[in-house]
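Enquirer: Listed below are the residues making up each chain.
Protein chains: 2
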Amino acid sequence: MMSSLEELGKRAAEAKYALQVLSSEQKNAALEAVAGAFLARKQEMLSANEKDLKAGEENGMHPGLLDRLRLTEDRIQAMADGLIEITELPDPLGEVLECFDRPNGLHISKLRVPFGVIGIIYESRPNVTADAFGLCFKTGNAVILKGGKDALYSNIAISRIIRETLAEEGITEDAVLLITDTDRQVTNDFMKLNRYVDVLIPRGGAGLIRAVVENSTIPVIETGTGNCHIYIDEDADIEKAVPIVLNAKTQRIGVCNSCESLVIHEKIADKVLPALGEALREKKVEMRGDEKVRALLPDCLAATEEDYGTEYLDYIISMKTVASTEEAIAHINRYTTRHSDAIITENKDHARLFLQCVDSACVYVNASTRFTDGFEFGFGAEIGISTQKLHARGPMGLKELTTYKYTITGNGQIRP
Amino acid sequence: MMSSLEELGKRAAEAKYALQVLSSEQKNAALEAVAGAFLARKQEMLSANEKDLKAGEENGMHPGLLDRLRLTEDRIQAMADGLIEITELPDPLGEVLECFDRPNGLHISKLRVPFGVIGIIYESRPNVTADAFGLCFKTGNAVILKGGKDALYSNIAISRIIRETLAEEGITEDAVLLITDTDRQVTNDFMKLNRYVDVLIPRGGAGLIRAVVENSTIPVIETGTGNCHIYIDEDADIEKAVPIVLNAKTQRIGVCNSCESLVIHEKIADKVLPALGEALREKKVEMRGDEKVRALLPDCLAATEEDYGTEYLDYIISMKTVASTEEAIAHINRYTTRHSDAIITENKDHARLFLQCVDSACVYVNASTRFTDGFEFGFGAEIGISTQKLHARGPMGLKELTTYKYTITGNGQIRP
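Residue numbers (this note's numbering), protein chains in the order written: chain A, 625 to 1040; chain B, 625 to 1040.
There's no promise every hint is true.
Remember, identical chains collapse to one label, so a pair may be satisfied in a single copy or spanning two.
To be verified - Below, a list of computed lysine-lysine pairs in the BS3-like style, where the Cα atoms sit at most 30 Å apart:
(1) LYS891 / LYS864
(2) LYS773 / LYS675
(3) LYS907 / LYS678
(4) LYS1023 / LYS972
(5) LYS734 / LYS1023
What the hints contain is simulated information worked out from the structure, not anything from laboratory work. Model, not experiment: these values are computed from the prediction.
Chain A extracted, bound-state conformation (with noise of 0.2 Å):
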């Protein structure tokens, strides 16, 4: 049994300085050895498991729910081969970001330096803990992580197991600590433990980010909602507009990066729809538009307002008309989650207008929205998405999850 918020805190606060000055090696040696127990102890984690599911099953999960709740012996290796990605990819920390004299003679560094204390609450998803324990761990903090209460279980035996390996790698245990009181009041006091949290990072479903961004007093990086757009100007190509906004649309469904709403020059749409609307039908994806789209989709449903503002994650898309680049604009920057919006065109003013004004975290020419993930950016494993603009925006890798400080060197300078 874990102890009380304080004292996790505290402990939190006590293991960073232990955990900002092991090199890189032993940290990859450590994530080696947490990954083999993964696997040699699977058999652990999979009961913990069965008691979650089983107690799900009986309150009556969702089924959707049940299934990212469930580990596998291949969602087990997929953990464990996630914290073999993360050995590999190169260590942030040490980083000097910039070096300067003054005419002083004072000397100063800005040095790439981990945060100290993150704190992470999702949801039920096991994988999360060894994933977040993972980045963290690697970026030389320590985490708090408070899991949603149907994985309880499962996220002990997962924290035990990290836990008791760094112990015998001779590193604190208490690089992870996991909060196991299922107490709502208790979430939200973790919310304002400022004191000894120095950031704290939602990650799951717009419900669950709002609450963070509502209550926390800590520093929040919101994460991740996705109403991203595709804007098809008129002076878009075909061949590229119709695969596009398929792929977005239902290569994956439930991602925050795919697109639920597509936003169509008036000029353009008699040629574009009839054929994007045969694809999206094929796909069998729900298409709620307004009057004009559907003059051209007779299947089309009616969109409301509310269309606009919802992420589906699901096969339904919303589509709406314009009559300028300046007006999809508007449109987009009205309802956008600042996630990742595209424009498909050959022109290259409306493109370069389009990734000025368009206010999202990634703004797209003539791709896909799915593009918006950390290994699809080259950065590997990340943490989550960023849509808001402090600290860090779009993909967040192990360089967001640090900050930096400045050491000033002199030989005895006052201020005159």
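Could you slot chain B onto chain A? The hints should help.
Expert: Only chain B this time, still in chain A's reference frame:
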């Protein structure tokens, strides 16, 4: 009379698109014009300020606060000079922070862009109105200002002059918007205007900053309180230690980078404290120390736990002896506000340990903490000193008022 918060938010969000495309030349010309208008219309500002001062005097405002509220010809000149200085700083916008190609041919650029809309909440110092506008405008941001109610007439006059001058320059006057409703509820609502405001920066004392951190749902950059420490190590050069402490404590009393607390290795206490005590006594600094300090300085009062956690901003200093560098670091990390802390030592290992382990934005070796300042770092004008770890730490100049976006250009790429 300004309109509702919602209306102000909308106008700022509209203005940001016009502001982000201004050239450096347009922005600098506008800043020069505003500086000129400040001087040409100083009587208008002085009359408005007179009303605020009169009300302040009638309400028994503290002389120190009245002084901060007061505008004089010299101070108006300084406000104008401040804007001219901002024109001389390089424009951070348009910088390509990184760009790279992916194996699938996607071209990804990470571009420095404005936040969009910055909110600033501050106390009754009318010059902040001009400074905040200048820094936000140069970085392509719209700014919504909420100043202290005691400076309302002054702020209305200053923002009117800015807005009218911008309009004459053909630039949207909504680059600066002032909240004139002094109802506290309006300030609270402002802190939750996430829909329009990208980042909120409080400028003022500990109480204001705490209120913003606790109530804002907008991402906050926490600026400023400084419970700054100087640690005199056993291997300190006393010839450096005494002048540095004296400078950091007394060169300017009421500022965040002044020294509030001294930590002294017990092995050097009897060598350094008599000289230091004499120097502090001469400057009329009240000393509050532990028993070992008091044994060497009979006029030193007894320090309490509260003393170690207090930012005095006054002629008072707390003093604590320790038995090692590690103990000094632990004490400092417990009480520091993570602003600026210094070690005085000739021992390179102690210096290295201190630089690595003290968890503050600016960590010094053998120099006064008073150098934590945008001008002293060579950044030019600053919006504040960040004491949190998200986004920016230490002095925040123009670059720190920007974020980035990714632009991704392809030729039809879809995700396999």
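Enquirer: All hints are to be evaluated individually against the structure, with a verdict given for each.
Expert: Here's how the hints hold up against the structure:
For the homomeric pair LYS891 and LYS864, the shortest alpha-carbon distance inside one copy (17 Å) is at most 30 Å, but the shortest distance between copies (75 Å) is not. Taking the closest pair of Cα atoms, LYS773 and LYS675 come within 30 Å of each other only inside a single copy of the chain (12 Å); across copies the shortest separation is 59 Å, beyond that limit. Taking the closest pair of Cα atoms, LYS907 and LYS678 never come within 30 Å of each other, the shortest separation being 34 Å inside a single copy and 72 Å across copies. Taking CA atoms no more than 30 Å apart as the test, LYS1023 paired with LYS972 passes between copies only; the shortest distance there is 29 Å, against 33 Å inside one copy.
Taking identical chains as interchangeable, the C-alpha atoms of LYS734 and LYS1023 lie at most 30 Å apart whether they share a chain (14 Å) or sit on different chains (14 Å).
Figure legend: structure checked against the earlier numbered hints; the only hint not met is number 3.
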